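From just these sequences and the hints, can you work out the full model?
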Amino acid sequence: MFTGIIEELGEVTAVDRTADAARVTVRGPLAVSDARHGDSISVSGVCLTVIGKDAETFTADVMAETLAMSTLDGVRPGRRVNLERAAQVGDRLGGHIVQGHIDGTATVLSVADGSAWRVLRFSLDPEHAPLVARKGSIAIDGVSLTVSDVGGGREDGWFEVSLIPETLAATTLGALTAGDRVNIETDILARHVERMLALEPRLTERSAS
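Under my numbering, the first residue of the sequence shown carries the number 1, and numbering increases by one thereafter.
Pairwise CB distance ranges (calculated): (1) G153 <-> G78: 36 to 42 Å; (2) T146 <-> D113: 17 to 23 Å; (3) A116 <-> A64: 38 to 44 Å; (4) T177 <-> E11: 18 to 24 Å; (5) M69 <-> H37: 21 to 27 Å; (6) R17 <-> L189: 32 to 38 Å; (7) D91 <-> G153: 36 to 42 Å.
Rather than coming from a laboratory, the hints here were simulated on the basis of the structure. Note that the structure is predicted; figures quoted are calculated from it, not measured. C-beta atoms are modelled at their ideal positions from N, C-alpha and C, and glycine is treated no differently.
See below:
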């Protein structure tokens, strides 16, 4: 489990691809400072398992499903990524509960600068639209954020987040421009509610019988 508070900006240093998977090596001295084999590290929102490490880098395998659902499908050496180590029991929950199990990707629709912040608008796929609410939580490339606005319908939905200077400087979100893709993870509570509502007719029938 993660909190969506980015600890370090890392960099992909190597990518070894096979037919349906990839092995990536990421430079992140802080992330690997206390990492052990089998530990989890969030890489731009994707939970990856450490299979090897040295003083500054770690290596992880990325399976086909993760490649298909995330921006890691096109990852190349030199890409900057957001890194966060798994939360420890007793840690302060500075962001929100983030699993590192992304729902898919969203595209930057527009970027607007304010006097001391930046507003980013993202596309919202029909399957994700019911899970994103104004003032709700969302993780974008692993960064815990509050949804500042939503709009459109289920087929043409969008959402916005407002970023402070610290977030712009400390994460990859500061470099986003219109057309860029990001990984998104909706709030875990919203996912469970959606599942319960989907099963509600069956549950009603079962209790009636």
